[in-house]
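There are 2 protein chains.
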Amino acid sequence: MSHQNLKPRKNAALLIIGDEILSGQTKDENINTIALFCTNIGIDLKEVRIAADELENIIISINELRKNYDYVFSTGGIGPTHDDITADAIAKAFNVELEINADAKAMLLNHSGDKQLSEGRLRMARIPKGATLIKNNVTGAPGFIIKNVYAMAGVPIIMQDMLKSIAPLLVQGERILSNKIMVGVGESKIALGLEKIQKAFENVKIGSYPQMGKFSSIILRSNDKIALEKSTKLVQSMVDELHVENNIILPSRI
Amino acid sequence: MSHQNLKPRKNAALLIIGDEILSGQTKDENINTIALFCTNIGIDLKEVRIAADELENIIISINELRKNYDYVFSTGGIGPTHDDITADAIAKAFNVELEINADAKAMLLNHSGDKQLSEGRLRMARIPKGATLIKNNVTGAPGFIIKNVYAMAGVPIIMQDMLKSIAPLLVQGERILSNKIMVGVGESKIALGLEKIQKAFENVKIGSYPQMGKFSSIILRSNDKIALEKSTKLVQSMVDELHVENNIILPSRI
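Which chain is which? The protein sequence lines are U and G, in order.
695 is the number of the first residue of the first sequence in this note's numbering; add one for each residue after it.
695 is the number of the first residue of the second sequence in this note's numbering; add one for each residue after it.
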């Protein structure tokens with residue numbers, strides 16, 4: 695399918711930096727937020743990594759991901775304590791200095807109303823040279839952008855505030871349209887039928903997900919509205935022929 | 695520190711296969727379960743990846759992770775539909791045949807009570823050659839183990855059932871001991887003090903995490919009980935000197 699004025703969609707990876715997620719002490723709350731954020735602005739989130747708070751490790755992940763994807767979002771590790779090493783790692787990954795950024799310092803002073811920054815808060819003004827800042831309306835300490843890497847806070851409420859700031863800076867793609875069909879049988883009963891329909895519609899991605907009990911949800915995703923409608927109709931017919939109750943067809947946004 | 699009879703701790707990576715997590719349609723529920731599982735049996739979970747349902751992509755991730763870590767746990771993509779391609783990818787990653795496994799077939803027949811498997815359910819008996827099976831008491835369809843890769847279901851209740859089966863097969867390490875201190879100030883106020891204590895205790899990992907409002911939680915982790923107690927006491931003294939209320943000191947398991 696071709697449309698006029700269609701920009702190619704950008705893809706992205708998310709790097710979550712945090713031992714606390716890997717030890718199980720904290721339950722991640724950012725993956726789903728960023729996944730929905732990307733979906734809503736037409737960016738394909740292709741990979742998520744959760745990495746330990748180890749310098750070498752973060753440098754390697756940043757360098758791999760920034761080469762492989764259009765955008766890299768990172769969360770976590772930009773606070774005031776010794777275990778916050780994201781800015782150090784990203785500076786090293788880009789081979790630039792990590793320096794006290796005057797604007798970041800001003801933002802921190804401005805937010806606290808203090809005349810001077812404590813050593814801890816000053817640490818949060820350390821920004822890789824050449825980066826631009828991402829404003830933080832919650833606690834003042836900024837994130838930063840260097841080339842295609844967007845370093846944000848790990849605290850969900852701050853991260854969400856930062857996402858709002860960066861959204862207008864990203865190249866947004868066509869929204870993926872989707873339909874969701876809930877069917878009152880297990881996946882095995884629809885497997886063959888779905889496979890046939892998938893083969894007939896290359897530009898529709900059909901996924902099937904088991905639900906608790908004897909339900910399956912079928913998700914059809916495409917940026918081609920006509921193909922999506924045609925393939926959804928075929929899935930609907932297949933489902934109707936099963937003569938089960940409780941089928942629900944929902945046009946969904948995801 | 696050295697202890698007698700101490701086996702070196704094993705590390706692990708988790709690969710979550712699922713477009714539905716990357717699109718935001720489904721919220722992951724397995725990361726935290728597996729993180730706690732590893733912590734509880736003394737295995738270091740070092741990395742988590744979420745990969746799209748794309749064959750080449752899964753093959754690359756499996757091959758990278760199995761070389762870099764002692765264990766690789768995967769979840770998702772072993773169901774009956776066309777988008778379930780984990781078994782295909784892992785067979786390709788190990789360069790072995792993907793074949794109908796007689797034991798897997800028997801498990802599926804046994805669970806359903808049928809005499810014959812539908813084509814969809816038969817798909818779930820396709821197992822990489824040389825793999826051993828992971829029993830699934832919930833729906834019958836097994837996971838599998840090949841070398842250091844453990845392929846499990848994505849549905850949380852089935853995945854949890856499979857974890858129970860594989861636990862006795864893993865080399866369990868010494869449990870990491872930990873203490874948690876909640877302090878009624880923001881992180882900036884404790885940053886310097888914590889850094890000093892961290893420098894004095896190489897074998898204790900001290901993490902600091904901002905909590906909503908003006909709280910911070912400090913987590914000290916170590917397998918050296920004496921060092922953990924000493925460093926915790928120092929953190930406690932530092933916190934006492936702040937003269938804030940609401941400090942709570944908890945010995946915790948994580």
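Among the clues, some could well be false.
Reference listing, derived: stretches of chain G covered by chain U, where coverage requires no fewer than 3 residues with Cβ under 8 angstroms from a Cβ of chain U [unchecked claim]:
1) 715 to 724
2) 763 to 777
3) 780 to 793
Just so you know, the hints here were simulated from the structure itself, not pulled from any lab data.
For each residue, glycine too, the CB sits at the ideal point set by N, CA and C.
Structure-based check of each hint:
1. 715 to 724: holds (count 8)
2. 763 to 777: Per the Cβ count (5), the hint holds.
3. 780 to 793: Per the Cβ count (0), the hint is violated.
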